[in-house]
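Please construct the entire structure, taking both the sequences and the accompanying hints into account.
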Amino acid sequence: MDDITAQFEEVLRRHLRSAKPNPINYDVELVQLGLDSMTAVAVLLDMEKAFNIRFPDDMLVEGTFRTAGRLKEAVRLLRERQAS
Amino acid sequence: MTHPLPDQSLGPEWTILELLARGVLDDSERQMVRELVLTGTLDWGELLEQAVRHKMLPMLAHHIISAGLRFDVPTTIYMHLESALEWNRCQIDVFRRETIRVAQALASRKIPFVVTKGMTFESTLYGSLGTRHMNDIDFMIRPQDREVVMSALQELGFRPFFDWAKDARREEISSRLNRDHLPKLARKIDQPGTRIINIDVANSLTWAKSPFDVPVDKALENPVEQAVPGIPGASIPCFRPEYQFLFTVLHLFREAWLQKFVDFGTDVGLMKFGDVIRLIHRDHDKLTDGELLRIMQTHNVTHAVGWVLRHIDETFQTRTLELFALERYGDEKLLGGQMQSSAYVSASGQPMRERLQSKSRGSVRPLAAAHPRTQDE
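Line by line, the protein sequences are chains F and C.
Residue 16 in the working numbering sits at position 31 of the first sequence, and the numbers go up by one each step.
Plus 81 on top of the position in the second sequence (first one is 1) and you've got the working numbering.
For the record, the hints were derived by calculation from the structure and aren't laboratory data.
Do not take every clue at face value.
[To be verified] What the simulated footprint calls covered on chain F by chain C, stretch by stretch (three residues with Cβ under 8 Å from a Cβ of chain C suffice, anywhere in the stretch; the number is not a length):
#	region
1	24 to 34
2	39 to 48
[To be verified] Restricting the straight-line Cα-Cα distance to at most 20 Å, the calculated cross-link-like pairs of lysine to any residue (SDA-like) are:
#	chain 1	residue 1	chain 2	residue 2
3	F	Lys34	C	Arg250
4	C	Lys290	F	Gln17
5	F	Lys34	C	Arg251
6	C	Lys290	F	Ala27
7	C	Lys247	F	Leu30
[As the list claims (entries may be wrong)] Just a sample of chain C residues kept apart from chain F, beta carbon distances all over 12 Å, derived:
#	residue
8	Leu91
9	Pro93
10	Thr122
11	Lys191
12	Thr379
13	Leu402
14	Arg409
15	Leu415
Quick reminder that beta carbons are idealized off the backbone N, C-alpha and C, glycines included.
Okay, here's the thing in structure tokens:
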């Protein structure tokens, strides 16, 4: 498990009720886990706070959080950018 | 088109505002307002608070003055009302000039657009009296023109801003994800009384991810040129009557059903319902010739429109559902089934009159998340 997985999943589970009792499937579309337009905003906002990052405008599109895998990749990328 | 006088079960203050919102049209209504103002039990604090909540302070002020009730109002309250009306008139004048400035910039780039809401209604529905409150200037554009419009507005000095929201970053993310509007834009003018001009540019007649929509391209066809009072020779493009009505009603529906408007405390208000009643009164013949019904049926918005009209009829004792032959439409449970997510307000069945008068809108509970599928399904 890499260093952000536990925290990443904790944030995700906080907002997605269907993700709570199950292991996170990183390939399933998040809308199938209960993500809607309001929870999407809340998830991104919480990710920013949890990882001290800021999604740039060009990443504030649905593709960024279509699946847990894509969202985690975006978070990882922003953390790397910030570190460098 | 006159309506039965409202019942006074919610108090004289509320009755006055209901009468003003729908428009005082005849002597019996004028007399009723007069008697309510003159009643010894009128609570001016309550009346002013509700007038402010429903953006009707300038309208109340104008009626007090035009009905000759000035000396029947406590002096300090009258002075405040008079100031509110004068300030609103100044703000409208500033907004008119800015609207023309923006309209000219968009037209010079051959961008299809119309001016919507307050700026069009203040002259057509409210007689250019300075009584229609406005927070901003509203435009409608096509989705494909978002970037070029944003660029044009930035050239005019407008900048995106989110400070109006309690959580500015949340609103910024929301506006980037839900692309039914450009981010709210503001320009500092530093003029006494009006320091900032806000612009709201929509590119949808409904909202992002709405279960129904009306194509903007169609709605923008054949706009009506509307003169701008006080500025000779100036005009602005506006929706033709069918789409003016549709957008106004669907906008009210949106504010009634989206949870974020309840959270912000900017959901349904008396003035917005008044806009719809006044539109029907003004464009009655055009709206009932069959074309509007055809458009609503084509785009599957009859239930949403029916829902709004049903609440108007129940609140204001009008008969708009019958007028538009929409008695079968507007089922709240059906609409609630279409909009099951945390983004929407629950179809609670609460009478609209009670909701409008309520001062604790935030207590309206959202629907539980709509039984999302599990990963295994």
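Could you work out which earlier hints the structure fails to respect and list their numbers in ascending sequence? none
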